[in-house]
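All chains should be built: construct the whole structure from the sequences, respecting the hints.
Chains as they are written, first to last, in our numbering: chain A, 133 to 394; chain B, 133 to 394; chain C, 133 to 394; chain D, 133 to 394.
Please note that a few of the clues may not be correct.
The list cannot tell twin chains apart, which means a pair is met if one copy fits it or any two copies do.
List time: in silico PhoX-like cross-link candidates among lysine-lysine, alpha-carbon distance up to 20 Å [said to hold, decoys possible]: (1) K260 / K368; (2) K149 / K260; (3) K360 / K253; (4) K360 / K149; (5) K253 / K368; (6) K222 / K360; (7) K253 / K156; (8) K222 / K253; (9) K222 / K149.
Derived from the structure by calculation, the hints contain no laboratory data.
Number of protein chains: 4
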Amino acid sequence: MSKPIRVTVWNEGRHEKTNATVRKVYPLGMHTVIAKGLEAAGGFTVRTATLDEPEHGLTEAVLDQTDVLTWWGHMAHADVQDAIVQRVQKRVLEGMGLIVLHSGHFSKIFRALMGTNCSLKWREVAEKERLWVIEPSHPIAEGLGEYVELPNTEMYGERFDIPTPDELVFISWFEGGEVFRSGCCWRRGHGRVFYFRPGHETYPIYYNPEIQRILANAARWATPRLIKADNCPNTKAFEAIPPRTVDMTFSTGSCGSAPVVS
Amino acid sequence: MSKPIRVTVWNEGRHEKTNATVRKVYPLGMHTVIAKGLEAAGGFTVRTATLDEPEHGLTEAVLDQTDVLTWWGHMAHADVQDAIVQRVQKRVLEGMGLIVLHSGHFSKIFRALMGTNCSLKWREVAEKERLWVIEPSHPIAEGLGEYVELPNTEMYGERFDIPTPDELVFISWFEGGEVFRSGCCWRRGHGRVFYFRPGHETYPIYYNPEIQRILANAARWATPRLIKADNCPNTKAFEAIPPRTVDMTFSTGSCGSAPVVS
Amino acid sequence: MSKPIRVTVWNEGRHEKTNATVRKVYPLGMHTVIAKGLEAAGGFTVRTATLDEPEHGLTEAVLDQTDVLTWWGHMAHADVQDAIVQRVQKRVLEGMGLIVLHSGHFSKIFRALMGTNCSLKWREVAEKERLWVIEPSHPIAEGLGEYVELPNTEMYGERFDIPTPDELVFISWFEGGEVFRSGCCWRRGHGRVFYFRPGHETYPIYYNPEIQRILANAARWATPRLIKADNCPNTKAFEAIPPRTVDMTFSTGSCGSAPVVS
Amino acid sequence: MSKPIRVTVWNEGRHEKTNATVRKVYPLGMHTVIAKGLEAAGGFTVRTATLDEPEHGLTEAVLDQTDVLTWWGHMAHADVQDAIVQRVQKRVLEGMGLIVLHSGHFSKIFRALMGTNCSLKWREVAEKERLWVIEPSHPIAEGLGEYVELPNTEMYGERFDIPTPDELVFISWFEGGEVFRSGCCWRRGHGRVFYFRPGHETYPIYYNPEIQRILANAARWATPRLIKADNCPNTKAFEAIPPRTVDMTFSTGSCGSAPVVS
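See below:
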């Protein structure tokens, strides 16, 4: 594990430009704080990319040098070009890891990979959240205690419209009365996908050392084990298959439209 | 269970128009044979729809009256309009069942619901296939023995690029040396999806009584338990949440870009 | 589905004998209230069995006539004979449904079927519980709203040491700050197992109409699709296998202890 | 990952004593060949243990120093003491990895962890097996091609009576016509369990470099991420819970045996 993991931290970056509160919390953009957290953890080389760069900063060259991509978006999901979404999806299926953050649940890339609506309940009253570690031995939970507590968060509640996670690592408790599957793992193609709930733009979630630890753990977990292009090959038989006449027995069956094959 | 299950059998229907061999096996189209098999099983009202009908025969009205949709396509996946694919996907996520057949693995609707490439290996030499029943107590295996044997089939081999099935019912053995996950169940949204491998257009697979039984079982299994439109509601708290000051502790943390919130 | 489902409601039945509070809530035993709830739902024939009957009321004859067994135990798990546990486990693997209730998480039968400790956190201060329906289209959630609220319950908290459920239907929120996977489905052998959390002996949980509905739904879901005895057969080949010499190539390999086979 | 993984290779070791053919293939016992294969892979410190040693070689001290245990047994499953089985199971649930080999499917430890019969079909005619890699990006498949071929094996066929694997890595094709889930992963407690099919005592399977690679991969995969003793704590509330009267509403419900609580 001596070779550093190459992470690209992607951020929509619009809230930071348009909203004074967000700018106070993340003056240089959420991506810079996420990136610094990973760098501080060690073992990563991190670059950032944002929506308003050419090709959203996600050129073929960038993706080719990315082991794990993190994704934060919210107000401008629709502005992400379909061609870039397909490029990212193709790369995930080839093996690149993807970490989808918070409001990224509604991003095109997450919905394309899940196949579902990815909808949920929500409320923003700065309530308390407690993320319970359901699988303490999961690599993404490494170094955590029994739970992580966030004093002020936006609430996300069930039902979260996702495929059943391959591994469920965190379930959140919310002060207002809801629960949420907050840390969910899926394998898709040769890639690994992790959805992680915390991270609203007006709370300093990504400065939290435990959240930073989880993101570093997740990036390690999502690192490709294999990069392989998709194919659908016509293939030769291993075993001898003798010459044969096709058996049409059932085509004279009871279903009526009996075909006659000469 | 006295109310009949409303099935719409969808067929691309192009091979039957352009290929004499296919026309001999399925003179009225594969959809008619699949439909008759379901009708013979009892408990279903069946309609058919094909690619070359207006809206591919899948109007809103038709989908509203469809409990389970079966899908066979091959040479003209690209001709299926994206808007119709989205309409079908929306309906599956609301609860409609979907049974994807054979070469439908590459259909837009299956790939949209899976999020993966859905690629596989293949070979067409009329070889023998034996579908082993891995979960004999699964409703889709009801009434079957330990395996179903097909004397002549096109081969599909692993790796099949799909999300891990929620339930794996059949694994195929092929004479030429391959294996395949041939009967796969997923829950997506409120709907149930079943992929079933057998069914090449030049072999009389859909006349086979055991295959017909499996399709009837699958249609019963995929029947909606719930039909519910998607939403993403802003919601009120159940429990009292006292007024609060946002805790900015971590924003003065060690990550550098310390925000100051007045 | 016209044939009634045969349910045996099993209860340890000791608390009711020794504790006045419990006796006030369940004067005739919890099993009688659970049984009446199922009978009121319709479609069931229900019998009861308790620990202190001969063979704990679970003779071979009783199990042979039982489609679904419900299990409540707490203070006397150790008094259940191992031979009876093995008999029940064998029957579940042959196809009988099993519904494990509340403190039954620590029963011998549940632990034997799960293979894990089935431990959890707990607290008894009559706090509020809200069971969120995570999979609204699951048969066990049929007829429920988004959640079920219980004003006073014993708390069970994560981590719950179980194998990942095949299907997770309910997650509980607790007033004191915990969450719990409260409705969990597994397939084991040909049988279906449902663990359902609510049900402490000093609260009137089993009188609650929504809880009764869930138990009836669960009993329908757990009904056998197949009853089949276990075997491990020596079997003949389907395909011709030519006479052969065993290839011992690797036994002269690089691992050192090179065997010589004459 | 600089610290070596401590593996204990356990072998029943009886065939080697009683059968001349086995002794020719594995003159020093299968465990020595498995152990040497791991040592050659690097990164492991390996010890062996056998049935006929005191405590079967699996003392508390040995298990405390074992990260991953491999298990081969066949003719003497019944001779393994229940107390040792419980000790091993406890240690797996605390985090130790377990790799169960071939006929170990019927071992007490595997059945205890699975909760099912673990039965299968079998045949011994030295037929060909081809293990297809279903998940090429799984750590256990690292470095393999699309399949591994074994020229002579005992056949194991479905249905294999196991809980659905958390991850399915290999599916075998057999010359005689069967298929089998040959590489299966489960998480149990904090430990990881891998079942790997190949390995009959009269074929030189464990000398095969690809099989050795799989065993080394599996041992790395099964290495503990956490070692933690089981507990079931009574716990304090995080949130204030006001003093309350138990709501007995439902106990005067429609179910008849209305309790009166003063």
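Provide an ascending list of the numbers of those earlier hints which the structure does not satisfy.
As far as the earlier hints go, 2, 4, 7, 9 are violated by this structure, in ascending order.
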